[in-house]
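Quick note, the sequences are listed as chains A and B, same order. 39 is the number of the first residue of the first sequence in my numbering; add one for each residue after it. 38 is the number of the first residue of the second sequence in my numbering; add one for each residue after it.
Honestly, the hints are just simulated from the structure, not real lab data. Model, not experiment: these values are computed from the prediction. For each residue, glycine too, the CB sits at the ideal point set by N, CA and C. Accuracy of the hints is not assured; some may be wrong.
[As the list claims (entries may be wrong)] Among the chain A residues that face chain B by a calculated CB cut under 7 Å, a handful are: (1) S66; (2) A69; (3) S81; (4) G85; (5) G88; (6) F90; (7) M94; (8) Q114; (9) L122; (10) I125; (11) V160; (12) L175; (13) F265; (14) D269; (15) I281; (16) L283.
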Amino acid sequence: MSATVAAREAFKPSWTARIGLIAVALYSLYAIGQLDISWARLSVGFGEAGRFLARMVPPNFARWELLLEGMLESLQIAVLSTVLGIIISLPLGLMAARNLAPAWISAPIRGVIAVCRSLHYVIVAILFVKALGFGALAGVAALTVASMGFVAKLFAEAVEEISMKQVEAIRATGAGPGAVLLYGVLPQVASRFIGFSLYQLDSNLRNSTLVGIVGAGGIGGTLFAAFKRFDYDFVCAILLSIIALIFVAELVSGRIRAALR
Amino acid sequence: MNNTMAPGMKPLMREWTYLTPAEAIGRWLVWLAVVAATVWAVRSIDIIPEFLADAPEQMADLLVRMWPPDAAHYYPHVHAALVETLHIATLGTILSLFLAIPIALMAARNICRIPVLNVTAQLILVSSRSVNSLVWALIFVAVFGPGPAAGTFAIAFRSIGFVGKLLAEALEETSPGPLEALTAAGAPWGSIMLKGVWPQVQPAFWGIALFRWDINVRESAVLGLVGAGGIGVVLDDAINFFQWDRVATVLLAILAVVVIAEIVVTRIRARLI
């Protein structure tokens, strides 16, 4: 008899889960209504999708020079913004770490990092296009800001997790602040910092193919122009090249990360 | 005593170094590669010196034009667009969860035992992740026409790769015990999934969903730049008309929503996990 009780307990229907699911369904219906998504529109859309895909194949690599130029510019943007971002993130992260810096330094720096992280890189790119003019420079600046937000935040968190024993040991030898940072703090976080930097290079490479949409250089501008001119076979070629580039980058950075471990 | 030492043995007089020669050369090569890449990028990138020279001036001009933000513009235009953005992000996340669950089940090697399906699912996940949400938005604007429908689908298709990958990893880490017990008891496939697998991946699933929702709120704010609805449309209009005080209002609104979303997600995660 206890077995039947146990069986009933084991497969008891969960009313909170059911109510939650119903709530999600109701919200979805409400949001679909608000966003004006109707079945008629979707079915027309799926027909269009068929035509769209048909025009995408075969990919047209005839303008490969334009494609290569854009890809190289994206690569340059990614490299420069990562290097600049890392160089700026290093002091920023140290200053934002609450165990090393006093609160009156770390709090405002943390605010700066949070703002860098909250604004999407495309929005930052728009502002820099206004300030620096069209071209790759705006893209470099925008992605540098994005890298600062990401790397500095994670670096600060890594620094906050270090063991203070080594820092105290170096301090006890009478070393100055520079030597304490160099021999007490950095060796503990160097490998993680390299990991963040690699990840950021990967993500900057992805994002550098996009900033061109707002005029900040790279392959994105070519992509957007091809979209506007309905050159969907060229769009397909660009997309395939971007996917290939990202795939190779992911492979390489995965190898490097495995080698570092 | 020293002279009892065997003739072949040298006294321990090694010089200790931090790195072996191979490691030292390896590090040096990495630095060389980094410097070479940077130099190549700096030398060949297309930078117009005149633009760089007047950058501080332009920046100051931009800030002066942005201040003070046009608060009157917030209601109703920006507010309505902001709500639309949140709907796009939330609905897109829900849609992506429904689409990602079957693909994740297909990709998990301990649940789907057919290698062809595993590889196919992985391929779908990788291509979803490789295409940026703005590119997805461009594609769906071409498919559905401009509007929030395109944005919702762009967010959903972009999220499939992220959610599916993390969910498949969580599925592969489940313990096989409950599955085997339910299989031995003769439970049908649906019951095995619901009672054997789901309780094990549930915390990871909610964590992934919340995390992706947070990212989607951020991403849906820019989809409007390519016409896919949300607050990006208002931002794009304000920029095209050079109404920089309105741009400032929109940017502050986006910043506030993103920060609030992050705080909400952190709170819920802390309670869930």
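Hints and how they fare:
With a least beta-carbon distance of about 6 Å to chain B, the hint placing S66 of chain A at the interface is held under the 7 Å criterion. Proximity of A69 of chain A to chain B holds as hinted, the smallest CB-CB distance being about 4 Å (cut-off 7 Å). Of the supplied interface hints, the one on S81 of chain A is violated, with its beta-carbon coming no nearer than about 11 Å to a beta-carbon of chain B, more than 7 Å. At its closest, the beta carbon of G85 of chain A sits 9 Å from a beta carbon of chain B; the interface hint therefore is violated under the 7 Å criterion.
Here the hint on G88 of chain A is broken, as its CB sits about 9 Å from the closest CB of chain B, past 7 Å. Because the smallest distance between the Cβ of F90 of chain A and any Cβ of chain B comes to about 6 Å, under 7 Å, the interface hint for this residue holds. Because the beta carbon of M94 of chain A sits about 9 Å from the nearest beta carbon in chain B, more than 7 Å, this interface hint is broken. About 4 Å separates the beta-carbon of Q114 of chain A from the nearest beta-carbon of chain B, less than 7 Å, and the hint is met.
Interface hint status for L122 of chain A: violated, as the beta-carbon distance to the closest one in chain B is roughly 9 Å, over 7 Å. Taking 7 Å as the C-beta cut-off, the interface hint given for I125 of chain A is violated, the closest approach to chain B being about 10 Å. Because the smallest distance between the Cβ of V160 of chain A and any Cβ of chain B comes to about 5 Å, under 7 Å, the interface hint for this residue holds. Annotation: L175 of chain A was flagged as interfacial toward chain B, and the flag holds, the nearest CB pair being 5 Å apart, inside 7 Å.
For the restraint placing F265 of chain A at the interface with chain B, the shortest Cβ-Cβ distance is roughly 5 Å, inside the 7 Å limit, so the hint holds. A cut of 7 Å between beta carbons decides the hint on D269 of chain A: the least distance to chain B is about 12 Å, and the hint is violated. Because the beta carbon of I281 of chain A sits about 4 Å from the nearest beta carbon in chain B, less than 7 Å, this interface hint is met. Taking 7 Å as the C-beta cut-off, the interface hint given for L283 of chain A is violated, the closest approach to chain B being about 9 Å.
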